[in-house]
Amino acid sequence: MLLDVIQCVESGRFVIIQDSVQCCGRQLLQSFMCAALKREEVVHVLAFDVAEEDLRVPSDSGCAQRLCFHDGYTDPLGWNDSPPLTVLQFSPGEIHALLSRSEHPKPVTLVIDSLSWVLRHHPPAVVCQCLQELRRGGAVRSIVALLHSDLHQQGIVGSLCHLATAIVTVAPALRGHHTVAKTTRRTRSGRVTQEEECFIIKEDLTVTVQKQTHHPGQRDTEQEEPQADPAAHLTFNLRLSEAEKEAKDKLSLPFVFSQEKKSALLQPRPGAGQIIYEPDANDDFDQEDPDDDLDV
Amino acid sequence: MAAPLRSGIGVGSRQDTRAVHGTSFQKKSRGKLVSIPGTRPSVQNGQLLVSTGVTSLDYVIGGGLAVGTLLLIEEDKYDSYSRMLLKYFLAEGVVCGHSLFLGSARDPPEEILQELPAPVLDDIGCAAGDEGQAKLCDSEGEDSMKIAWRYQNFPKVQTALAASSRFGHYYDVSKTMDPEMRQASKCNTFFLPDELPLKSEAEPSTMNAGYRALLRSIQNLIHREGFDTAAPQNKSRNILRIGLHSLGSPLWGDDICCKESPSDAVSLTSFLYGFRALLRSSLCVGMVTVPSHLIQNRAIMGRVTKLCDTAIALESFRGSERETNPLYKDYHGLLHVRQTPHLNCLVCEVPDTKDLAFKLKRKQFAIEPHAAVDLLVRQPPSEPPIEPPTARRGRPVRDYMCNCKSCSPSVCAMQPGSGRGGVGGGGELLSDMAGI
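For the protein sequence lines, the chains are E and S, in the order given. Sequential numbering from 1 applies to the first sequence in my numbering. Sequential numbering from 297 applies to the second sequence in my numbering.
No lab work stands behind these hints, which were simulated from the structure alone. We put the beta carbon where it would ideally sit given N, CA and C, even for glycine. One or more of the hints may lead you astray.
Said to hold, decoys possible - The calculated EDC-like cross-link candidates involving lysine to aspartate or glutamate, where the alpha carbons are at most 20 Å apart (straight line), are:
1) Lys182(E) to Asp626(S)
2) Lys657(S) to Glu406(S)
3) Lys482(S) to Asp560(S)
4) Lys555(S) to Glu246(E)
As the list claims (entries may be wrong) - Covered stretches of chain S, going by a simulated chain E footprint (3 or more residues, C-beta under 8 Å):
5) 370 to 381
6) 540 to 547
7) 552 to 562
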C-alpha cells in the first residue's frame with residue numbers, strides 16, 4: 001500500500017510522513033518528490049530542516065526545471081536582509097504568492113520539510129488551518145509533509161494526522177537495512193485501510209517493498225480450513241438421475257389441479273373472501289436486508 | 297396512503313353527529329406542535345421528539361431527540377461513522393421537510409450535503425405499479441405457484457408503512473440522495489473559512505472568533521425564519537435541524553485538541569452554553585460531533601458532555617486490535633451511551649443494556665447489544681470445560697455463565713432473545729396452510 005500512496009494522484013491529498021530519532025523519514029520524502037517529478041508534476045519544496053544540497057534528488061534537466069526549492073534553512077527567522085523564505089511566511093496567502101512566482105501554471109505538489117520546525121513557531125491551530133486552506137485552494141494538488149512525531153505532544157501530532165488523507169509512520173526493522181512503514185490511508189468515502197510493510201529505498205530513490213509484515217484481516221482467512229463436502233460419503237442416494245427427475249416431475253401432488261379446474265376456481269365469484277391489510281405502526285415488520293452481505 | 301383520507305371522513309361524520317345531537321362533548325384536540333411532520337410526542341414525558349435518522353439509535357436514547365435539545369456524538373478515530381450519523385440526521389430532515397443548518401470548518405457543507413444517503417421510500421411508484429403488479433402475477437405466476445396457487449390472483453399487499461407517515465426512515469448508503477429532493481428543503485450552511493474574513497474586529501469575549509460567528513449565524517437564522525417559540529403562532533411551524541461537524545477541532549481555531557492546558561479552555565463550553573440556550577427557546581434540534589479522542593484534557597470533555605443533553609460515543613474497531621477479535625467480528629464498533637437527557641424530571645431514561653455495538657449495513661445503521669449474550673451459549677474452545685454449578689459450593693450462578701471481562705453481570709443475566717423468532721415461523725405456517 002505504500003507504493004499506492006506514493007503513486008496516488010488524487011487531488012487534495014495530504015500525506016504525513018512521521019519519523020522519530022530512531023529512523024529518519026527524509027529519504028522517503030525524497031522518493032515522494034522523485035515519484036511526483038516522474039509523473040511530470042511541478043514540485044515546490046519548503047526546506048526548513050536541511051540545506052538544499054541535502055534534499056536534492058538525482059534528476060535530469062527536465063525534472064530540475066519542474067523542481068522549485070524555497071530555502072528556509074539559511075535564514076529561517078529573517079535576521080539578514082531579504083531572506084528567501086522565513087518560517088513566519090507560513091500562511092496560505094504567502095505560500096500562494098511563492099507558488100505563483102514560478103512560471104508553471106499547473107497545480108503543484110507541495111513538499112514541507114518539516115512541519116516540526118513550523119510548529120515551533122506557529123500555534124498548532126494556525127498550522128492546521130493553513131494546511132487545510134492550502135488543500136482547498138486549488139493551486140496545490142497535494143501536500144507531502146515530514147513530521148518528527150517524537151518532538152511534539154501527542155495532541156498536536158493527533159490533530160495534524162486527523163487532517164491527513166494518508167499517514168506513513170516509519171520505524172527501524174529488527175534486522176537488516178529495511179525500514180518498516182505503517183501506512184494508514186483514508187479514502188474520501190471514509191473507508192480506512194492500514195498496512196505494515198518492510199521497504200528499501202534504492203540509490204535512485206525508488207521504493208521497493210520487501211514483504212508485508214502484518215496484514216490485518218488476512219489472518220482470519222488463512223485459519224479457515226477448506227470445508228469438506230458434507231454430501232461426499234453418504235450411505236444413501238442424495239442426487240437424482242435424469243430418469244428419476246422425469247418420474248418425479250410426472251407425479252401429481254395432492255391439491256394440484258388441472259389447468260381448467262384451477263382457472264375455474266380462480267375466477268372471482270360473488271361472496272368470495274377478500275384479504276384487506278392495512279399496515280400499522282405497531283406491526284412487527286422485519287427490516288432486515290437480505291443483500292446486506294454485499295459490499296457497501 | 298388511504299389513512300389520511302379515512303380519518304378526514306371520520307372527522308367530518310363526527311362533526312355531523314355533533315350538529316345533530318348538540319352535545320357539549322368535544323374531542324380533546326391535540327396541540328399544534330404535533331402537526332409538524334416527522335415529529336411525535338414521547339410516550340414517557342410528552343416531549344415532542346424528532347428522529348435522529350437512525351431508528352435503532354432513537355430507541356437507544358429513549359425514543360428520539362426532544363425538540364430543543366442537543367445531541368453530542370464523540371467521533372470515532374477516523375470520523376467515518378460519526379460523519380455517517382451526521383448525514384443520517386440531515387437526510388432525515390430532508391425527508392421530513394425540515395429546515396437544515398450545517399456548520400463545518402473542514403469540508404465545505406455543500407460537499408457533505410451532496411453525500412446524503414438516499415432514503416428507502418417504499419411508497420414511491422407503488423400507486424402506479426399496483427395494478428401492473430397484479431397483472432404480472434396473473435400471467436407469470438401461473439406455473440410458478442404450484443401449491444399456494446390460490447393466492448396468485450390477489451394483488452400484492454404493501455407490508456411496510458407509507459414512508460412519509462413513519463417516524464424515522466431507512467437509508468441506502470450505497471446511493472446518494474436525489475439532488476431535486478435535497479434542494480426542496482431549506483438548507484443554510486456555515487463554512488468557517490468563508491465566513492471568518494467577514495468578522496468584526498476582535499471583541500472582548502470568552503469565545504473565539506469562529507464560534508462567535510457560528511453562534512451569530514444560527515441566532516440570525518432562528519430569528520429570521522421564525523423558529524423561536526416567541527414568534528407569532530399564526531403561520532405553520534417547522535423544525536430546524538442544526539448539525540455541526542467536528543466542533544473543537546483545530547480548524548475551528550480551538551486548541552483544546554493540542555494542549556493539556558489550552559489557552560482558551562472555555563471557548564467551546566461557552567459556545568455550547570449559548571447554543572443550548574438558543575435551542576431551548578426555539579423549535580430546533582442540534583447534533584454536534586466532537587473529536588473527543590484528540591481532546592487532551594478529560595475535564596474539558598466532561599464539561600462538554602454536561603452541556604449537551606444526550607451524549608453518545610462511537611468507538612470504531614478500525615485500526616485497533618479488536619478488529620480481529622472473534623468476539624467483535626459481526627460489528628464495526630462499539631457505541632457508548634454517555635448521557636441521556638433529564639427533561640422536566642429527576643430521573644432519565646436508562647437504556648436496557650450498556651454493551652452496545654454498531655454495524656453499518658447497506659440499508660441500516662444497526663445498533664445491537666453485542667456478542668456478550670452469545671458467549672453464554674458458545675464458549676471459546678481453548679477455555680477449560682466449566683463444571684456445572686452445585687449448590688454445595690454456593691457460588692452465584694452468574695459467575696460461571698460468563699467469564700469475559702467486557703460484559704457486566706447485568707448483561708450476562710439477560711436472556712438471549714431477539715423477539716424476532718416468531719415472525720418467520722408464522723409466515724411459514726401460513727404458506728403451509730395455504731396449500732392444504
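*So which hints don't hold here, by number, going up?*
1, 2, 3, 4
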